[in-house]
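2 protein chains.
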Amino acid sequence: MKIEPKNKQRLLRVALGEEEADLVLPDCQLVTVVTGEIYPADVYVAEGFIAHVETERPGELSPARERYDGKGRYLIPGLIDSHMHIESSMMTPRNFARVALLHGTTTIVHDPHELANVYGVEGVQYMHDSAEGLPMRQLVDIPSCVPAVPGCENAGASFSAKEIRELARLERVVGLAEVMDFYGVIHGDPRMMEIIRAAEDCGLYLQGHAPALRGRQLSAYLCGGPFTCHETTVSGEALAKMRVGMYVDARESSISKNVEAVWEGVKNNRFFDTLTLCSDDRESDDLLHEGHLNAVLRKAISCGMDPVLAVKSATINTAREIGVAHIGAVAPGYSADMVLTKDLRSLWADAVFFEGRLAAENGVLKAEIPERHFALEERNSMRLPELTEENFVLRAPEGKEQVEVRVMEYISKDSSRTRCLTETLPVKDGVVCLGEDMAYVSVVNRYGLGTRSVGIVKNFGLSEGAVASTVSHDSHNLTIVYFHPQDALAAARELEKKGGGMTAVKDGRILNTLRLEVGGLMTRLKAEELTREATQMKETERALGITVPTNPLLRIVSLALPVIPEVKMSDLGLVSVADQKLLPIFTEK
Amino acid sequence: MKIEPKNKQRLLRVALGEEEADLVLPDCQLVTVVTGEIYPADVYVAEGFIAHVETERPGELSPARERYDGKGRYLIPGLIDSHMHIESSMMTPRNFARVALLHGTTTIVHDPHELANVYGVEGVQYMHDSAEGLPMRQLVDIPSCVPAVPGCENAGASFSAKEIRELARLERVVGLAEVMDFYGVIHGDPRMMEIIRAAEDCGLYLQGHAPALRGRQLSAYLCGGPFTCHETTVSGEALAKMRVGMYVDARESSISKNVEAVWEGVKNNRFFDTLTLCSDDRESDDLLHEGHLNAVLRKAISCGMDPVLAVKSATINTAREIGVAHIGAVAPGYSADMVLTKDLRSLWADAVFFEGRLAAENGVLKAEIPERHFALEERNSMRLPELTEENFVLRAPEGKEQVEVRVMEYISKDSSRTRCLTETLPVKDGVVCLGEDMAYVSVVNRYGLGTRSVGIVKNFGLSEGAVASTVSHDSHNLTIVYFHPQDALAAARELEKKGGGMTAVKDGRILNTLRLEVGGLMTRLKAEELTREATQMKETERALGITVPTNPLLRIVSLALPVIPEVKMSDLGLVSVADQKLLPIFTEK
Chain U
46 MKIEPKNKQR LLRVALGEEE ADLVLPDCQL VTVVTGEIYP ADVYVAEGFI AHVETERPGE
106 LSPARERYDG KGRYLIPGLI DSHMHIESSM MTPRNFARVA LLHGTTTIVH DPHELANVYG
166 VEGVQYMHDS AEGLPMRQLV DIPSCVPAVP GCENAGASFS AKEIRELARL ERVVGLAEVM
226 DFYGVIHGDP RMMEIIRAAE DCGLYLQGHA PALRGRQLSA YLCGGPFTCH ETTVSGEALA
286 KMRVGMYVDA RESSISKNVE AVWEGVKNNR FFDTLTLCSD DRESDDLLHE GHLNAVLRKA
346 ISCGMDPVLA VKSATINTAR EIGVAHIGAV APGYSADMVL TKDLRSLWAD AVFFEGRLAA
406 ENGVLKAEIP ERHFALEERN SMRLPELTEE NFVLRAPEGK EQVEVRVMEY ISKDSSRTRC
466 LTETLPVKDG VVCLGEDMAY VSVVNRYGLG TRSVGIVKNF GLSEGAVAST VSHDSHNLTI
526 VYFHPQDALA AARELEKKGG GMTAVKDGRI LNTLRLEVGG LMTRLKAEEL TREATQMKET
586 ERALGITVPT NPLLRIVSLA LPVIPEVKMS DLGLVSVADQ KLLPIFTEK
Chain R
46 MKIEPKNKQR LLRVALGEEE ADLVLPDCQL VTVVTGEIYP ADVYVAEGFI AHVETERPGE
106 LSPARERYDG KGRYLIPGLI DSHMHIESSM MTPRNFARVA LLHGTTTIVH DPHELANVYG
166 VEGVQYMHDS AEGLPMRQLV DIPSCVPAVP GCENAGASFS AKEIRELARL ERVVGLAEVM
226 DFYGVIHGDP RMMEIIRAAE DCGLYLQGHA PALRGRQLSA YLCGGPFTCH ETTVSGEALA
286 KMRVGMYVDA RESSISKNVE AVWEGVKNNR FFDTLTLCSD DRESDDLLHE GHLNAVLRKA
346 ISCGMDPVLA VKSATINTAR EIGVAHIGAV APGYSADMVL TKDLRSLWAD AVFFEGRLAA
406 ENGVLKAEIP ERHFALEERN SMRLPELTEE NFVLRAPEGK EQVEVRVMEY ISKDSSRTRC
466 LTETLPVKDG VVCLGEDMAY VSVVNRYGLG TRSVGIVKNF GLSEGAVAST VSHDSHNLTI
526 VYFHPQDALA AARELEKKGG GMTAVKDGRI LNTLRLEVGG LMTRLKAEEL TREATQMKET
586 ERALGITVPT NPLLRIVSLA LPVIPEVKMS DLGLVSVADQ KLLPIFTEK
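Chains as they are written, first to last, in my numbering: chain U, 46 to 634; chain R, 46 to 634.
Among the hints, erroneous ones may be present.
Because identical chains cannot be distinguished in the list, a pair is counted as satisfied if it fits within a single copy or across any two copies.
As the list claims (entries may be wrong) - EDC-like, lysine to aspartate or glutamate: derived pairs with alpha carbons at most 20 Å apart: (1) K503 - D482; (2) K51 - E245; (3) K47 - E245; (4) K53 - E423; (5) K53 - E239; (6) K387 - E305; (7) K47 - E239; (8) K51 - D246; (9) K53 - E245.
What the hints contain is simulated information worked out from the structure, not anything from laboratory work.
Take these sequences, add in the hints, and give me the full structure.
In structure tokens form, the structure reads like this:
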């Protein structure tokens, strides 16, 4: 993406001091991410760009239409998030901007992978177009793995090289998003190779996704093309990845806290050009109260990373990683994206400038973000099959009094990993009965294909009623955990009516619903209202027994994610993750 | 420029260890420019790329067709020169490769500015095409300022945005070369803006050239687009440029030794991502005996730069500066350009690999560089007007017995800077007589335009005879310094016959000629022969009084360079550099 002034001639005249600047920020302590220094400076802005940084005679001001006093505070470049999903905030891109800007994030590199699985190209286009005219730069990486595991699940779309080439034409598209199919990359799978080739031809950078990859497999992954990773959770892994030239995007999301481990792994390095910071998935509650990327920096600094290096990692390093020039530094010719802060350790943003205009100040949005209507936001994405209670009954093969059933068992209350158990369960009136700690689970295709599955989950955490969600990575089919088919049916009907979201049911009655009407993933509510509703929903789910230490709403969302070992459910049935195959629910005994 | 394997599938299989590698380098001490570490490693190569770097179990070798033992030596990435002119070596691109490879340079970013001034687009095309199939990557920046000062000199060509767009299509073109017209950039001159726009549209990086630029002018230059500079000679300037985000290409050429000053200026910085090293202009003698870029690193290290940082500056930093991926590191997926060296301080190359093949070993070329014929090399570029002795006589205005003459005076024996003096000189038989330390100078257009000038130079150094050169930056017109018109004429005829070069004349007789038949700038001789001939030529010139401390051949080559203050001669007359205007030789008194 080209970042350039509309009127370069005027920018030059202002730089030379021949013409009045649009804005001057006198009396700043400039954090210079290129040299690592901090020194006094006055910063001049014109046409949305830094025209001049005065350091020889700070205080002797040249004319400017506006003046915003630095008052001796630190001036850092606007923060750049190297990898994140707006959908994880459950907010629309415009409402996400309203809250992220308060924290000094002026550029995000986001992967609209979730909505792509629901609405395909149109979903990516909507996420891209929503950023038009925003006082924040929302750069887009094109989802590379839609669906995540072809053949084992049905999403709302399927991306090949054709879709990549089509979407690469959009103005703010810069990369190919997290190439999760590492197996396809390292083994040169033709579909994956074509997707990578298409991205390279279009000049996109290749964002990686390589959890726990090491040694020769990591080498092959790099030879395949992707050269970044935000999935590093172990110190040794961080160092190993950096040594082979990979960009390590240290992540601190609402779910995965990896910054400490990454920093521990690389802190003794001499160079950190390839270290960046990212938020990946942050819910509205965290965004409001902890912050966005500034919270990630704060964490890094608390782990011992020097604040200047933290700022560098979240600005110029990221700009270089994604191959976008003119962002990431407060220097002449750079977009005037800047943050004033009193404290380089906490990094609360006193004032945030985007393209030279005040966007937020002391936690209050100052830029105007007008409401815009998008047809996609009005549409109900739910295309369920006709359903009856019978659809949610797990019937045993004819004539059996007991059956051997493959059960998906969560390894703990707070992990999304599972084991595949084979359990002997009694049959009553032809129906498989549940054993201890078990519940039924059903995944219903919501894209009009009519596919659905019923199985059994153990150690999920639910103790009564039912919970259901249309946020269900990565295909986002309707996923329901329940004891009684009537509750499952009620949940399905409720979410069908509401256009998606999360619901909790007991005795056939809806207890609470968090409506996510935009693609079944996002709401048009703003952060404050959403947080209020989500908090209520969390309480409802806890009351039904989902007492996970973190966010109970997230317990169900990875139940159908067939890239997390050992088994997961999809709309096609039970999926064995390692060999990407479907397993029959009943074993052949 | 895309750098990618022909057979990616095979590279992946080798990376995974499923197939035999082409080459293994066991027992290396790998210098990792990304993290700044040095550790033992075995390096596997396939398809010209690094397939795998084994660090977990070094020594336990996997199969490979060839083996080259590291013997515990340091393995560094092949060196990348961020800015240079092949023409300065006076060798053809292919012969330049023969010597640069011996020293571990595997990639150069060169600016065929000189030949562009002679042959225009065709000259650039020749320089580009000459690199085809070489065991070295000769990347091209398109000359931005042909001629250097339009209106004050005539070169063999004139480049506008059209030529830039045309040349940008060539495979190995990566940038727009040193944008010397800083005045045009900062004042938004339409021609310069169009050239920059063309380069940006074509995805080229913008190489700068900003000697002594500072403060608001430097800011404007950066806002104008170019973001690198190899013309930094003062410590404070180096720091100032780096602070505003400029890449500083520290130069150590045969003429300009700036590495020490640059390092002194920036050595206290914390980050050095934007520091690179370059050779700019190196003559064959230096190339043979001192080295190429390794000599620049050696100098930097002797000034206190840590060797690992020096290697980083001359590899990955440069790759990022020029926006070329997959070169500059020894890591999976990178081109297998590597150097083995026993000593990280002297950096003499024991073995040099280009794309995984041994190119040079212990100062001997190992790769085959076949002879190739280029029509341009056979052509005589000299298109002088018909000349007689009279053309070299400086005649006074009619009827004068003495005249006030503007004289170009060199400020010292070893500087190319001049002052403009006005001297009163006697006239004899209508001819202006020379004063003390003076000689006549004539610049004759050699591109068929018929323009020529005669003037007076002081403190040049010549004490008898004449010297002449078709190497005469940047227009490379025939430049002659002499006392007697007959010597000037003899010199012109000699160089016309030989197709260009440098010659020395006394009493109408040719003393010695260094033939440079390729565009009047380069010879087809190899480094050893050229050095021998150039050494003889230097002795001849010294005998004529040119006793400069450095290379006497270079005394004349900047006489007609109208970008070095205060005045210079061109084929159109005396040029005032500051205001880019022609000055009459005789003042109006």
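We went through each hint and held it up to the structure:
{"no.": "1", "hint": "K503 - D482", "verdict": "within (5 Å within a copy, 100 Å between copies)"}
{"no.": "2", "hint": "K51 - E245", "verdict": "between (29 Å within a copy, 15 Å between copies)"}
{"no.": "3", "hint": "K47 - E245", "verdict": "both (17 Å within a copy, 9 Å between copies)"}
{"no.": "4", "hint": "K53 - E423", "verdict": "neither (40 Å within a copy, 45 Å between copies)"}
{"no.": "5", "hint": "K53 - E239", "verdict": "between (39 Å within a copy, 12 Å between copies)"}
{"no.": "6", "hint": "K387 - E305", "verdict": "neither (24 Å within a copy, 38 Å between copies)"}
{"no.": "7", "hint": "K47 - E239", "verdict": "between (26 Å within a copy, 16 Å between copies)"}
{"no.": "8", "hint": "K51 - D246", "verdict": "between (28 Å within a copy, 15 Å between copies)"}
{"no.": "9", "hint": "K53 - E245", "verdict": "between (30 Å within a copy, 14 Å between copies)"}
Checked against the numbered hints given earlier, this structure breaks hints 4 and 6; the rest are met.
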